[in-house]
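There are 2 protein chains.
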Amino acid sequence: MIRIYDFKEGIDKDIYMKISSRTKLDNKEVNGVVEGIIKNIRENGDTALFDYTYKFDGVDINSSSIKVTKEEIDDAYKKTDENFVSAVRKAIKNITEFHEKQKQNTWIDFKDGIIYGQKIRPLEKVGIYVPGGTAAYPSSVLMNGIPAKVAGVEKIIMVTPPNKNGINPYVLVAANEAGIDEIYKAGGAQAVAALAFGTESVPKVDKIVGPGNIYVAVAKRALYGYVDIDMVAGPSEVLIIADDSANPRYVAADLLAQSEHDVMASAVLVTTSYELAEKVDKEIERQTWYLERKEIIKKSIENYGEIIVVKDIEEAFNIANALAPEHLELDIRNPFEMLGKVKNAGAVFLGENSPEPLGDYMAGPNHVLPTSGTARFFSPLAVEDFIKKMSVLYYDEGSLKEVSSDIIRLAESEGLTAHANSIKIRFT
Amino acid sequence: MIRIYDFKEGIDKDIYMKISSRTKLDNKEVNGVVEGIIKNIRENGDTALFDYTYKFDGVDINSSSIKVTKEEIDDAYKKTDENFVSAVRKAIKNITEFHEKQKQNTWIDFKDGIIYGQKIRPLEKVGIYVPGGTAAYPSSVLMNGIPAKVAGVEKIIMVTPPNKNGINPYVLVAANEAGIDEIYKAGGAQAVAALAFGTESVPKVDKIVGPGNIYVAVAKRALYGYVDIDMVAGPSEVLIIADDSANPRYVAADLLAQSEHDVMASAVLVTTSYELAEKVDKEIERQTWYLERKEIIKKSIENYGEIIVVKDIEEAFNIANALAPEHLELDIRNPFEMLGKVKNAGAVFLGENSPEPLGDYMAGPNHVLPTSGTARFFSPLAVEDFIKKMSVLYYDEGSLKEVSSDIIRLAESEGLTAHANSIKIRFT
Numbered sequence: 011m012i013r014i015y016d017f018k019e020g021i022d023k024d025i026y027m028k029i030s031s032r033t034k035l036d037n038k039e040v041n042g043v044v045e046g047i048i049k050n051i052r053e054n055g056d057t058a059l060f061d062y063t064y065k066f067d068g069v070d071i072n073s074s075s076i077k078v079t080k081e082e083i084d085d086a087y088k089k090t091d092e093n094f095v096s097a098v099r100k101a102i103k104n105i106t107e108f109h110e111k112q113k114q115n116t117w118i119d120f121k122d123g124i125i126y127g128q129k130i131r132p133l134e135k136v137g138i139y140v141p142g143g144t145a146a147y148p149s150s151v152l153m154n155g156i157p158a159k160v161a162g163v164e165k166i167i168m169v170t171p172p173n174k175n176g177i178n179p180y181v182l183v184a185a186n187e188a189g190i191d192e193i194y195k196a197g198g199a200q201a202v203a204a205l206a207f208g209t210e211s212v213p214k215v216d217k218i219v220g221p222g223n224i225y226v227a228v229a230k231r232a233l234y235g236y237v238d239i240d241m242v243a244g245p246s247e248v249l250i251i252a253d254d255s256a257n258p259r260y261v262a263a264d265l266l267a268q269s270e271h272d273v274m275a276s277a278v279l280v281t282t283s284y285e286l287a288e289k290v291d292k293e294i295e296r297q298t299w300y301l302e303r304k305e306i307i308k309k310s311i312e313n314y315g316e317i318i319v320v321k322d323i324e325e326a327f328n329i330a331n332a333l334a335p336e337h338l339e340l341d342i343r344n345p346f347e348m349l350g351k352v353k354n355a356g357a358v359f360l361g362e363n364s365p366e367p368l369g370d371y372m373a374g375p376n377h378v379l380p381t382s383g384t385a386r387f388f389s390p391l392a393v394e395d396f397i398k399k400m401s402v403l404y405y406d407e408g409s410l411k412e413v414s415s416d417i418i419r420l421a422e423s424e425g426l427t428a429h430a431n432s433i434k435i436r437f438t
Numbered sequence: 011m012i013r014i015y016d017f018k019e020g021i022d023k024d025i026y027m028k029i030s031s032r033t034k035l036d037n038k039e040v041n042g043v044v045e046g047i048i049k050n051i052r053e054n055g056d057t058a059l060f061d062y063t064y065k066f067d068g069v070d071i072n073s074s075s076i077k078v079t080k081e082e083i084d085d086a087y088k089k090t091d092e093n094f095v096s097a098v099r100k101a102i103k104n105i106t107e108f109h110e111k112q113k114q115n116t117w118i119d120f121k122d123g124i125i126y127g128q129k130i131r132p133l134e135k136v137g138i139y140v141p142g143g144t145a146a147y148p149s150s151v152l153m154n155g156i157p158a159k160v161a162g163v164e165k166i167i168m169v170t171p172p173n174k175n176g177i178n179p180y181v182l183v184a185a186n187e188a189g190i191d192e193i194y195k196a197g198g199a200q201a202v203a204a205l206a207f208g209t210e211s212v213p214k215v216d217k218i219v220g221p222g223n224i225y226v227a228v229a230k231r232a233l234y235g236y237v238d239i240d241m242v243a244g245p246s247e248v249l250i251i252a253d254d255s256a257n258p259r260y261v262a263a264d265l266l267a268q269s270e271h272d273v274m275a276s277a278v279l280v281t282t283s284y285e286l287a288e289k290v291d292k293e294i295e296r297q298t299w300y301l302e303r304k305e306i307i308k309k310s311i312e313n314y315g316e317i318i319v320v321k322d323i324e325e326a327f328n329i330a331n332a333l334a335p336e337h338l339e340l341d342i343r344n345p346f347e348m349l350g351k352v353k354n355a356g357a358v359f360l361g362e363n364s365p366e367p368l369g370d371y372m373a374g375p376n377h378v379l380p381t382s383g384t385a386r387f388f389s390p391l392a393v394e395d396f397i398k399k400m401s402v403l404y405y406d407e408g409s410l411k412e413v414s415s416d417i418i419r420l421a422e423s424e425g426l427t428a429h430a431n432s433i434k435i436r437f438t
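Chains as they are written, first to last, in the working numbering: chain A, 11 to 438; chain B, 11 to 438.
Treat the hints as calculated values from the structure; they're not laboratory data. One should not assume that every hint holds.
Where chains are identical, the list cannot tell them apart; a pair therefore holds if satisfied intra-copy or between any two copies.
[Said to hold, decoys possible] In the EDC-like style, the derived pairs of lysine to aspartate or glutamate whose C-alpha atoms are separated by at most 16 Å in a straight line are:
1) Lys113 with Glu394
2) Lys121 with Glu107
3) Lys434 with Glu293
4) Lys100 with Glu187
5) Lys353 with Glu134
6) Lys77 with Asp191
7) Lys434 with Glu302
8) Lys351 with Asp322
In this text the structure is predicted, and so the values were computed from the model without any measurement.
From just these sequences and the hints, can you work out the full model?
Structure follows, in structure tokens:
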């Protein structure tokens with residue numbers, strides 16, 4: 011199924027273009043629809059929100075039923091088993107522990123006559139979007155909610171589209187365990203707009219995070235500036251670098267885990283071993299037949315699955331750095347020694363017992379990662395995405411006087427004489 | 011000139027809306043033009059870039075003249091005086107010192123069988139946009155370039171539109187002193203697109219920062235995702251909180267410094283003293299007449315200048331937090347004790363000898379700050395804007411086994427059986 015290249019002549023530009031250009035938000039039709047929804051929600055608040063929820067989700071919501079109640083949460087616990095709850099709690103413990111290490115402190119530096127620094131404050135209110143249907147992932151609630159919690163956000167508000175049976179109980183339990191403060195039954199561009207502007211029922215927030223379909227992504231992008239947003243997530247991807255020490259069963263299983271996400275997902279193996287490439291190819295075929303989502307897997311492997319054989323490990327890292335994959339697995343003898351070669355990746359998984367699903371659910375690092383080559387400049391979702399900084403500056407009279415002529419000179423070089431005046435007036 | 015409100019009934023929503031809604035990027039005509047430019051640059055590279063430079067800047071550039079040479083920089087030094095150079099050097103020293111304190115380290119945590127952490131790397135290439143004409147500010151070169159330099163960016167590339175006389179010598183000197191690696195004569199949306207995609211002459215970068223006109227702002231926003239961008243800067247603003255201890259001459263001068271930027275700039279005084287309000291009002295009139303940019307100042311004061319008298323200092327902070335101003339000056343008796351009341355602001359200036367121009371040019375904190383109320387969720391430009399992080403994760407076999415059943419449970423609750431398979435296959 012996967013094509014085997016004997017690839018010794020540098021990075022294949024076609025593969026790069028194919029994988030890095032999967033994200034497209036330039037759908038004019040979607041843009042138009044989203045624009046209309048945003049305008050309507052901004053002008054008509056709840057009325058518009060309830061109309062859309064009826065139209066798109068087929069559920070009749072009003073101001074007394076839009077907010078998830080304690081009873082609904084209790085009911086969700088009854089629908090999930092204890093093992094699920096205990097797994098969620100273990101995940102929360104690990105994710106919290108990792109993110110606690112990201113916390114930064116306000117700092118102030120005192121010199122004689124001069125004080126400066128940066129004050130840090132958590133965002134006040136944050137909205138988390140959680141998709142409905144088959145993409146309702148409890149792990150996504152944890153990965154978006156916990157960094158906000160650790161940052162000290164005062165109010166974390168979740169929105170998720172309802173269906174006739176209410177909301178996915180796994181999602182509700184995860185939200186409750188993670189300490190989400192309020193949950194509203196709303197989805198799509200209308201929920202994003204409601205969070206950005208506030209309605210009678212839904213509070214206005216400072217930032218909106220979380221994955222969603224094209225309408226949600228376009229709405230977030232359109233409202234960027236009114237609120238902050240997280241990265242626009244593209245289809246998921248993994249790149250595995252393996253040498254001849256790698257276990258082909260594991261490598262194949264990890265590629266398949268990636269490709270089951272959706273038909274746009276990409277799974278790439280770069281290896282120095284032609285023998286491993288052939289074995290992995292066979293294993294992919296063998297394992298695919300027993301996996302539930304085999305139809306999706308077959309398509310995504312066909313579209314964006316690759317095995318690339320390279321002449322040495324150096325070239326493997328060159329390819330990885332050029333693709334800047336969301337997930338990078340190093341299934342090689344000495345992964346730690348090689349870590350310095352990694353320039354661009356969202357998350358790096360070292361050795362054969364650190365498969366990507368370990369990071370998706372349990373280990374602690376965030377699974378919200380830059381996709382489609384954006385690891386060149388974006389970072390994993392983190393506590394710092396839920397804080398803001400303010401500069402703080404104090405000069406006493408003597409210290410200001412000492413730099414006054416330099417400030418005046420610079421201001422005048424820019425033609426900003428009122429700036430110069432603001433200094434001059436203090437010493438005349 | 012400034013309207014005096016006796017304002018004791020909470021925050022005036024009209025003022026809030028007026029000041030926070032000055033930023034508008036929804037100009038359909040501009041969007042269309044920029045879209046065309048981006049497409050043309052992407053497809054035709056240098057040819058398109060030179061055509062636009064001739065069309066928009068009236069300068070005939072080719073591949074051998076687009077890059078600023080050492081001779082051109084030497085020439086710029088001849089056109090500026092020594093005092094300017096020495097002021098730039100002092101500013102660079104202070105700005106570097108402040109930003110050095112923002113540096114973060116890669117961290118790794120070792121437990122028994124588990125290793126995780128976050129690896130930090132500077133962005134490889136960064137582009138800085140510097141406007142031409144009267145908005146060619148050397149201070150802007152320093153404030154955008156130095157954090158990138160401190161972060162360890164390998165190549166910092168500046169673009170700025172040329173005119174018939176070349177490039178503003180102050181800007182060239184500042185760029186050279188700040189260690190900008192390459193400077194290209196290109197401006198507008200075409201320069202932004204050239205940086206995003208690369209042309210035969212201009213290198214492709216990972217991030218584009220720096221202020222620009224509406225075409226530059228729209229182009230940056232349109233290319234977000236292909237490259238990272240900084241905040242979209244709106245018109246500048248200051249809010250001064252003053253009590254009866256404040257010097258009306260200083261307060262007026264600081265309001266005027268802000269309002270000279272452009273007719274959209276906003277200068278707001280919130281004070282507990284009606285007497286001060288009246289004196290500041292008179293001072294504004296007195297000082298305006300002798301300032302060079304008085305026509306701009308009059309219009310911006312007329313449009314977005316306000317004096318608000320409040321019943322107590324608590325209310326002053328409520329108004330400031332609601333407006334989330336770019337610059338907040340605390341001209342009050344005890345500014346340090348009050349710092350804890352500041353929730354939303356880009357930069358806070360404490361006491362009467364810390365006027366905003368001190369921060370614009372000399373003190374060290376960055377002058378690229380969130381505008382139009384976005385200090386609710388955005389932070390000043392910083393070293394962290396020029397780095398990226400990667401998660402790093404290692405589990406040994408025993409550690410993975412210990413959490414394997416929990417991972418499988420969570421994966422299955424999401425219907426992702428290939429994720430579960432990737433764990434199962436390692437223990438069967």
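Of the hints stated earlier, which fail here? none
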